[in-house]
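Participant: As a plain string of letters, each chain reads:
There are 2 protein chains.
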Amino acid sequence: MTHIDRPDGAKLMVNLQLAHGGGGRAMNDLLARLLPLLPGTPPLHDRHDGFVIEVQAWQRLAFTTDSYVVSPLFFPGGNIGTLAVNGTINDLAMCGARPMVLSCALIIEEGFSEARLEQVMRSMAVAARDSGVEIVTGDTKVVGHGKGDGLYINTSGIGILDPGVHIGPRWIAATDAVLLSGDIGRHAAAIMIARAEMNFSSTILSDTAPLHRMVQDLLTANIEVHCLRDATRGGVASTLIELCESANLGISLQDGAVPVDDRVKVACEILGLDPLYLANEGRFIAIVAAADADKALAIMRQHSAGQAAAMIGTVTTKHPGVLVQAGRYGTEQIIPMLTGEQLPRIC
Amino acid sequence: MTHIDRPDGAKLMVNLQLAHGGGGRAMNDLLARLLPLLPGTPPLHDRHDGFVIEVQAWQRLAFTTDSYVVSPLFFPGGNIGTLAVNGTINDLAMCGARPMVLSCALIIEEGFSEARLEQVMRSMAVAARDSGVEIVTGDTKVVGHGKGDGLYINTSGIGILDPGVHIGPRWIAATDAVLLSGDIGRHAAAIMIARAEMNFSSTILSDTAPLHRMVQDLLTANIEVHCLRDATRGGVASTLIELCESANLGISLQDGAVPVDDRVKVACEILGLDPLYLANEGRFIAIVAAADADKALAIMRQHSAGQAAAMIGTVTTKHPGVLVQAGRYGTEQIIPMLTGEQLPRIC
Chain B
1 MTHIDRPDGA KLMVNLQLAH GGGGRAMNDL LARLLPLLPG TPPLHDRHDG
51 FVIEVQAWQR LAFTTDSYVV SPLFFPGGNI GTLAVNGTIN DLAMCGARPM
101 VLSCALIIEE GFSEARLEQV MRSMAVAARD SGVEIVTGDT KVVGHGKGDG
151 LYINTSGIGI LDPGVHIGPR WIAATDAVLL SGDIGRHAAA IMIARAEMNF
201 SSTILSDTAP LHRMVQDLLT ANIEVHCLRD ATRGGVASTL IELCESANLG
251 ISLQDGAVPV DDRVKVACEI LGLDPLYLAN EGRFIAIVAA ADADKALAIM
301 RQHSAGQAAA MIGTVTTKHP GVLVQAGRYG TEQIIPMLTG EQLPRIC
Chain P
1001 MTHIDRPDGA KLMVNLQLAH GGGGRAMNDL LARLLPLLPG TPPLHDRHDG
1051 FVIEVQAWQR LAFTTDSYVV SPLFFPGGNI GTLAVNGTIN DLAMCGARPM
1101 VLSCALIIEE GFSEARLEQV MRSMAVAARD SGVEIVTGDT KVVGHGKGDG
1151 LYINTSGIGI LDPGVHIGPR WIAATDAVLL SGDIGRHAAA IMIARAEMNF
1201 SSTILSDTAP LHRMVQDLLT ANIEVHCLRD ATRGGVASTL IELCESANLG
1251 ISLQDGAVPV DDRVKVACEI LGLDPLYLAN EGRFIAIVAA ADADKALAIM
1301 RQHSAGQAAA MIGTVTTKHP GVLVQAGRYG TEQIIPMLTG EQLPRIC
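These protein sequences, in sequence, are chains B and P. Using the working numbering, the first residue of the first sequence is number 1, and each one after it goes up by one. Using the working numbering, the first residue of the second sequence is number 1001, and each one after it goes up by one.
Isolated chain B (complex conformation):
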């Protein structure tokens, strides 16, 4: 909307037009209203094409990008803005990096309300401030009605890796412990329920949360962390299968070890879904040296997002590239990667 200042201070609200993405006066005015909402705005106010970062001697940086197309934009526990900040922070954290700066690029559909945009930006500001990161550069595009879905957000991010931190699928080793930072499926369940307008008596909130502090605590405590991965699209199952394939090792899940909240179980039963494939936005897999597993779990459980952390399996050479679930009668069942996803546009 355009704010037209009235003598009494009230504002006339209109919806966003194509002109707001055109690089002219309308876009400049929109940015002048929105940018003060974001932390790290002094560099944004410089209205230059990019942001300059100073880094110290021989540091390594992590660089990541994600576009967020979640539907609906607002859901129990968060909105697309929270997700866009936490999600990119988490991608950096999964590299073992301390998140430093983010970019924010908006694709707005013509007719989207500026009030909702402000709400999203405020959520981004809060999420960034809570995590100690700055949003330092951005972009705004407006597309015609029917060429978007309200709002899409891309955030890219840069983080700093401390010396000696080497995290990735290639470091996974046989006998490693597979840890999960909490119960699964809340984010997908929250989205499903919001989308279906179902009335569950107890509301399930998205698990969206920044994970970098939990990761930093593991690294600071000298836990031998080999690989980290947040279990977003495709859920814990797809994430683990990807890791099995990348590392050319197998993972055996213990029977009943993956924590699932009762309300998520009920939602899954009603909707016919398997929680192992449900997307999470505040849960990660940590593959650590077996000897460090208990110490790592104790550290994770000190964080609110890690209270239900559990060891869920072990890395093995027995079935390279394959994820199996141990059954209660000693049998082992292969868990396949889904062709698509149970639920599209979850993030």
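Hints in this document: simulated from the structure, not taken from any laboratory. Just so you know, even glycine gets a beta-carbon here, dropped at the ideal spot from N, CA and C. Certain hints may be false.
Unchecked claim - Computed beta-carbon distance windows for the label pairs:
{"hint": "1", "chain 1": "B", "residue 1": "ILE270", "chain 2": "P", "residue 2": "LEU1205", "range": "52 to 58 angstroms"}
{"hint": "2", "chain 1": "B", "residue 1": "ARG122", "chain 2": "P", "residue 2": "HIS1319", "range": "35 to 41 angstroms"}
{"hint": "3", "chain 1": "B", "residue 1": "TYR329", "chain 2": "P", "residue 2": "ALA1032", "range": "32 to 38 angstroms"}
{"hint": "4", "chain 1": "P", "residue 1": "ILE1270", "chain 2": "B", "residue 2": "ARG122", "range": "32 to 38 angstroms"}
{"hint": "5", "chain 1": "P", "residue 1": "GLY1146", "chain 2": "B", "residue 2": "ALA221", "range": "46 to 52 angstroms"}
Here the structure of chain B is known, so what remains is to put chain P in place on it, guided by the hints.
Facilitator: Positioned in the frame of chain B, the structure of chain P alone reads:
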């Protein structure tokens, strides 16, 4: 599309489905087909959440982001992929940085053909290779039919700033020379003609081009460069007005100094547009110390994208924040910023 291998080696082509964005097997297969097309793919093949960069002692980095929503996706002289690589390279170049790495995040509309996606990715690969940058991290989302427009691409980028390089609106000074790297309006004219399906006898090609080498040559030659800005959305006029406002100084354009190709003039006359507001994707404004203007122009003209480089005006304290055009009878006319843009979705 999914490639279904036939005995004779032919491929059955289908269009992209929501499943291709779901994080499961379909997405993994799609990425396995597309990633080899991009330079810098070894890190991408690691399938980790981000990319790690090593930087030297106390270096400064430039960080930038842009989403590309150009319509149509393919136009004379390039496509959305060329634009996404060159555009972000240029944003880094406008900071005075040497572009190093890019990210690539795709938002694909369901039903978009994989053959077209491959074509775009190949163009990105060629553009990146030509400019010596690597695409090191990425993301793929698929949205439903009618929730996008074929393909949107976000590229973010990191570049390295050499010591002593300080470029930005705050360094603009009175009496500085305002240089323009070439004739204007080709990109917007090419898009307009492609969109209107007009048949001009002589085709106007988009000016999309990487500008970092021209900028590096200016810096290496110790030209006293105060500010650089590519004249994209809103054209040369809006770009200069933004700079006037940021620097709180005025700029006076010389009469007839802005080069415009005859074919672009004709297109503008037919369509009733002012070339000064037309978007360019391979042209930039360089504001340099007046004493260095001729030397800078000589350097710019050595580059194919800079052959028509010209001095177009001067920075002045006379009308702070305002861009004026000197007329042929000694009068001066204020050039306003447009409210929107002459042509939406130009980049």
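Participant: Now look at each hint and say whether the structure bears it out.
Facilitator: Here's how the hints hold up against the structure:
Taking the beta carbon of each, ILE270(B) and LEU1205(P) are about 57 angstroms apart, inside 52 to 58 angstroms as hinted. At roughly 37 angstroms, the beta carbons of ARG122(B) and HIS1319(P) sit within the given window of 35 to 41 angstroms. The given range of 32 to 38 angstroms is respected by TYR329(B) and ALA1032(P), whose C-beta atoms sit roughly 36 angstroms from each other. Separation of ILE1270(P) from ARG122(B) is about 46 angstroms and departs from the stated range, judged on CB atoms against 32 to 38 angstroms.
Roughly 50 angstroms separates the CB atoms of GLY1146(P) and ALA221(B), a value that falls within the hinted 46 to 52 angstroms.
Taken one by one, the earlier hints fail for this structure only at number 4.
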